[in-house]
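Can you build the whole structure from these sequences, using the hints too?
Residue numbers (my numbering): 1 to 156.
One should not assume that every hint holds.
Lysine-lysine pairs mimicking DSBU-like chemistry, simulated, CA-CA at most 35 Å apart [said to hold, decoys possible]:
1. K105 with K27
2. K123 with K39
3. K39 with K7
4. K123 with K27
5. K105 with K39
6. K105 with K123
7. K105 with K7
Quick list of simulated restraints, FRET-style, between CB atoms [stated by the list, open to error]:
8. N137 with P29: 16 to 26 Å
9. D16 with S95: 12 to 22 Å
10. F142 with D40: 20 to 30 Å
11. D102 with L35: 18 to 28 Å
12. P17 with G124: 33 to 43 Å
13. Q91 with N137: 41 to 51 Å
14. G8 with N148: 21 to 31 Å
Since the hints were derived computationally from the structure, they do not count as laboratory data.
Here a beta-carbon is modelled for each residue, glycine too, at the ideal position from N, C-alpha and C.
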Amino acid sequence: MPIQTYKGWQYITYYDPQRHVCVGRRKLPDGDWELIHFKDYLFEGNDNHNVTVLGISHNDGTIHLAFDHHGEPLHYRVSQPGVATDPDNIQWNASQFSDVRDWLKQGEHLSNVTYPRFVSTPKGGLLFVSRSGASQNGRITFVEYNPNRGVWSDRW
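As structure tokens, this is what we get:
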């Protein structure tokens, strides 16, 4: 999803006109948008498949972003813990987020990612769901985020 609400705040992710990945937040019901334009990544495609999505781990308050995928290596960044849990006391800027990664589990690079989604789990974690491979020969993959340890692990 490119938009989520958590703890009275709304979060969005999108590409700006300069083709940078952006993430924004505002306090509901009508706060001003605070926007981060990540200038270290440029979206160069022209494919509607290459969406940008976000997920929020309710247990540790991390915000997860995935973007620019259509049979591509993973493009992922994650915030520091607590960014979504205590938004009134967190300065909203790019330094709260990691650099772009091509991995969820350190040392295990993901390639051929399409249709990424983050799904919240009942215990406050996240699932990363995507298709790996081509449409005629692909498979759905699930990776689970453990907010107590701050790591991803294979689920299925």
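Against the structure, the hints come out as follows:
At roughly 32 Å between alpha-carbon atoms, K105 and K27 fall within 35 Å of each other, so this suggested pair holds. Restraint check: the Cα-Cα separation between K123 and K39 comes to about 34 Å, which is no more than 35 Å; the hinted pair holds. This hinted pair checks out: K39 and K7 have alpha carbons roughly 28 Å apart, not beyond 35 Å. This hinted pair checks out: K123 and K27 have alpha carbons roughly 25 Å apart, not beyond 35 Å.
For the proposed pair K105 and K39, the alpha carbon gap of about 25 Å is at most 35 Å, so the pair holds. Taking the CA atoms of K105 and K123, the gap is about 20 Å. The hint holds against a cut of 35 Å. For the proposed pair K105 and K7, the alpha carbon gap of about 28 Å is at most 35 Å, so the pair holds. Taking 16 to 26 Å as the suggested C-beta distance range, the pair N137 and P29 does not conform, at roughly 47 Å.
Range check, D16 to S95: about 19 Å between beta-carbon atoms, so the 12 to 22 Å window is met. Separated by about 28 Å at the C-beta atoms, F142 and D40 satisfy the suggested range of 20 to 30 Å. Under the hint 18 to 28 Å, the C-beta atoms of D102 and L35, about 25 Å apart, fit the expected range. Here the CB-CB span from P17 to G124 is close to 35 Å, well matched to the stated 33 to 43 Å.
With their beta carbons about 46 Å apart, Q91 and N137 fall inside the hinted range of 41 to 51 Å. Against the hinted window of 21 to 31 Å, the Cβ-Cβ separation of G8 and N148 comes to about 24 Å, which satisfies the hint.
Violation of the numbered hints given earlier is confined to hint 8; every other hint is satisfied by the structure.
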